[in-house]
Every structure is written in structure tokens, then in C-alpha cells.
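Chains as they are written, first to last, in my numbering: chain A, 1 to 265; chain B, 1001 to 1205.
Don't read these hints as lab results, they were simulated from the structure.
Where a beta carbon is used, it is the ideal one built from N, C-alpha and C, also for glycine.
Check each hint, because a few of them may be wrong.
Here are some of the chain A residues that sit facing chain B, going by a computed Cβ distance under 10 Å [said to hold, decoys possible]:
{"no.": "1", "residue": "Val56"}
{"no.": "2", "residue": "Asp62"}
{"no.": "3", "residue": "Leu137"}
{"no.": "4", "residue": "Ala169"}
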Amino acid sequence: MKQDSERDQRWMAYLMGEGDPDERAAVEAEMREDPEAAEACRRVVAGVEKWTGEAVPAASLDFEALYACVEEEETAQRDKMLELVSAPQWCGPPMSLPRRAGSNPWVWVAGVAASALLVFALAQVQFTVRLGEKTTLQWGRGADTADLTALRTQLETVASEAHESRLAAQSASTQIQTVSQRNSMMQEEFRQATAGLAWMQRAESQQRYRDVETLMRLTGVYPSANEWTEASGETRRQPFPFPEKKKESEPSSPDTRIMKTGKEY
Amino acid sequence: MAASFAVPTGTENASDRDLMTRFTKNRDRQAFEVLARRWDARVVAFLAKACGDLDSAEDLRQEVFLRVYRYADRYDPRYAFSTWLFRIACNVRKTWARGQVRRIETTGWEDGAEAMARMPDSAPGALERLTQGEARDRLRGEIARLEPDERELLLLRFEREFGFREIAEIQEIPETTVKSRFYRILEKLKVELGESDGGKGKVTS
């Protein structure tokens, strides 16, 4: 049965003009082998073709009715659009202009009620603020109002003390500046004095050098470095002005050797 | 097939695309009427045979051309006008069929049975009345017993106007499905006729 079904469909396609020449030739050969089945297929195709090609005794298209329907639809659509445009719910409520303040009495009523409620609520609560170790500010329900006067006095005292402290701070600042200036002057004086003292010491030392030199020339005795240090109290920093060299034949003393080499050995 | 009508000079030879373009751009009712008259007979015949009811077909034909008038700007000139037109016709027929089914579902049993009896699918006599001279034709009886979608497919294909590709566009299903369904319907008709003829397979046309 399945093979017959496939064959019939293939033959129907042939009868509908489908298939390439090879396929059509093959189908024609099949149909020659079974002419009765082929005729049944031909009659079905021809019958359906005739049925589809038959005219139907229908009335012609009524354009007047059609245009009337079109105009009716357009009118309905236009009316709907106009209705939508004019409908307040479509475009929302009219744009409200800013109201003049106080024009609505209910706003005042609501405001007064809210204020009264707020005052009442605040009166039911006791607020405490600690302003110091000994000072506490209280207000609200159960607050000690006697403390307010004392508190005011204390606050005035504190303010006065703060003012005096401020003045004292300003005075202290001024004194600090004066002391600082004086300190600077003293530092300058000290520096100058130090410099003068150093100059005097250097001058005195030089004078001592000259005295010792004169003495050594006159006596012909030259002290050793240790003796010089012990005598002058300071370390020699520059070569001592040596006398001219003596003849080698003369016996040299230990002090003379020191003077020649500048070293002690 | 299509009856000849007297059409205004200058438009009778215009192509379907040109007429649609004129109507779309200028709302030229003359072009629309030429186009509608050109396709009216085919559309009403298609609807009558698919629905099995001439009165309904005439009403549906009016709806088809009303949609053409209303949605003309949606027509794509790259495609054939006939494809677009018959797609509208198929949609209108399906909408009509759904309306019939809904009416049956929402009424009582007896009313539903009466409505079912009036329906073309279950009333082959309605289609046979369309072809009064061949009421005894068993092939037409078998065609009348087909599903409306199947009759619609036969009509579209045998009109020679549409190939399987165009039918696939009209019915919005794959082309291979259209093809296999079409030959299955023909084969089914042949089998039914063979059984009704006692296996002789004799068909009168």
C-alpha cells in the first residue's frame, strides 16, 4: 500500500507537469505497465482541475457598499480620535497653575494641626544637655526651670571668663613676641662678645709668641714642644719661625734636633 | 476564467503593481475598481469553493477587498499582487472558520449540532449546490468532504497562478510541506474514489 501511495503521488506530480525528462520518461514507462491505475490518477487530476476552473455564479462586487463601509470605518476612526483627544481622561487633568499661598484653607488647618501636634509631642519629652561637669540644661516635661536662671548666670560667668582668657592670651602672645625679640638681641650680643673675646685671645697669644720669640733669640734657648705647650697652654698650629741653620760641625743638642725635624724621637 | 468588465480607458491594460501604486499614492478609486474587478471572480470562486457556501463567500469577498483598500500601503511591489491578495483571502477565510467554531462552542448542544450541520465541512451538499448540474459527481463529493485547508491548497495549485513557492508564501508554511501535502490530498482522493467505486477506481469528471 505504501508503495502504491508513493507511486500514485509520483504519477500525480507527472500529471501536474513536474519532473525532468528522465523522471518523466520513467513515470511514463510505469504508467504503461499499469494503465488502469494511471487512468484513475488522470481522472482525479482532471476532475480536480475542472472543479477548480468552474466559475461561480456570484454577484459582482458591490463597490458602493464597500466604499460605504470604508467611509463608515473612517468616520468611526475619526470620531474615536476626536473623542480621545477631547476626553479629559486621555490628556489628564488640566495643567494646574501654582496656587496662591493661603488660597486653600485646608492647608492652613493642616499646618496648624501639625504644629500643635509637634509642640505637644515635644512637651511630652524631657531633653537634657550636659554643658559641663556641674552644669546641665533641661527642658520639656518635668524639667527643672529653676536651674535656668542659675544656668544663665553661669553662662555669663563662663562668657566673661572666656573673654578674660582671650585678653590674657593676647597679652601673653605679645610678651612672647617681646621676649623673642630680646632673645634674638641677646644672641647677637653674645655672638659679638664671643667674637671679640676670641680676637682678644688671639691677639694676646700672638703677643705672647712674639715675647717668647724675642726671649729665645736673646737667650738662644728653644723649648721643646711639650715645654711650649706647658708654657703657652695651647697646641702649636703653625710652624714655629725657626732660626737660621747653624754649622754642622757644632754639636747639636737634643733640643736642636727637635727643631730641625719638627718631630720628637 | 475572469469575466470581462468595462474598465476606464488608460487603466485596463495597467499591471496590478501599477494600479496598486496609483491607488496607494493618490487614493485613486478608479485604479482600485479596475484591480478589484480583475480579481473579483477568482477571489469569490476561491472563497466559495473553499468555504462551501456562496453567500458567505460573497460576504467574505467584500471583506477581502475592504482589507485591500484599507491596507494597500502595506503591499510590497516586489511581490506579485495576486500572492498578497490570496494571502488576505486565506486569512479572511480562516477568521471566518474560527468564528464558526466559536459560535458552536458557545451555544448549546442542539444549536451547535444545527450549526455544524450548516457548516460546509460537514455538509457536502452545500458545495454540491454550487455545481447543480453535477450533483452526482462523486469526486466533487469527496472534495467537499476534504478539510477547508485542503480544498484551499487544491484551489491555489490548480488555479495555475501559483507554484508551490507562492502557495508556501500565502499559507506561510514551508514549500516542501506544501508539496507533500498537495500530493497526499490527491492520492487520498484517488483512494476514496476507488473505495466508493468498489475498487474500480472509476472517476467521472
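For each hint, the structure was consulted:
no.	hint	in the structure
1	Val56	4 Å, holds
2	Asp62	7 Å, holds
3	Leu137	82 Å, violated
4	Ala169	91 Å, violated
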